[in-house]
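FYI, in our numbering the residues of the sequence shown are 1204 to 1373.
It cannot be assumed that every hint is accurate.
[Stated by the list, open to error] Pair ranges (Cβ atoms, derived): (1) R1267 - E1324: 38 to 48 Å; (2) Y1306 - A1367: 15 to 25 Å; (3) K1360 - T1258: 20 to 30 Å; (4) S1301 - L1357: 15 to 25 Å; (5) K1282 - T1341: 39 to 49 Å; (6) E1273 - E1315: 26 to 36 Å; (7) T1341 - A1367: 20 to 30 Å; (8) K1366 - E1273: 16 to 26 Å; (9) R1274 - G1326: 34 to 44 Å; (10) T1258 - A1367: 35 to 45 Å.
None of these hints come from the bench; they were simulated from the model.
Using N, Cα and C, we set each Cβ at its ideal position, and we do this for glycine too.
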Amino acid sequence: MVAHASRLRLLRGERPQARRLRHHENQAAWSSRPRHMSQQDSFSIIYRIPYSDCTVGNHVYYARYLDWLERARNEFFRKIGVTFQSLVDQGIMLPVVSSHVDYKGAARYDDEVKIEVAVTEVGSVKLTFDYRITLVSTGKLITTAQTVHVCTNLQEKPQRLPKALVDALS
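Construct the entire structure; sequences and hints are all you get.
Below is the structure:
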């Protein structure tokens, strides 16, 4: 019903109210980490951009950034001793339920980027990760992002995060 009402307002020429909250939440979360997450606790990987990630205009195709976030998140989990296969073996999945990416600059073929990932919220069912992507050559921030995940069983029903995983993330 809400989506229908929104469409009607658009058809009448009413402008939707701007949603800037996400960007500010993302910035605030990165700059002021929860008490269990400090700047030193962020994890990063370096990634050299292959030609296959780029458009004919020689900039990275926007959707590739989501692949990079997943790559960094997978390596982060490996660092803390958790693989996604081990979670599946326990009957657990962590699907992405929300993603938000702010593009602040361009990356091109053969650039090296540093992808930082930090856990910014650990709930009973939900995990939130914040990301920063910078050019290695200049340190210029080109992207900030956030993904939200929920813990589910293999039938995609929500369930509590396992205590061992919560402990590893804290």
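The hints, checked one at a time:
no.: 1; hint: R1267 - E1324: 38 to 48 Å; in the structure: violated, 26 Å
no.: 2; hint: Y1306 - A1367: 15 to 25 Å; in the structure: violated, 36 Å
no.: 3; hint: K1360 - T1258: 20 to 30 Å; in the structure: violated, 39 Å
no.: 4; hint: S1301 - L1357: 15 to 25 Å; in the structure: holds, 21 Å
no.: 5; hint: K1282 - T1341: 39 to 49 Å; in the structure: violated, 26 Å
no.: 6; hint: E1273 - E1315: 26 to 36 Å; in the structure: violated, 18 Å
no.: 7; hint: T1341 - A1367: 20 to 30 Å; in the structure: violated, 40 Å
no.: 8; hint: K1366 - E1273: 16 to 26 Å; in the structure: holds, 25 Å
no.: 9; hint: R1274 - G1326: 34 to 44 Å; in the structure: violated, 24 Å
no.: 10; hint: T1258 - A1367: 35 to 45 Å; in the structure: holds, 42 Å
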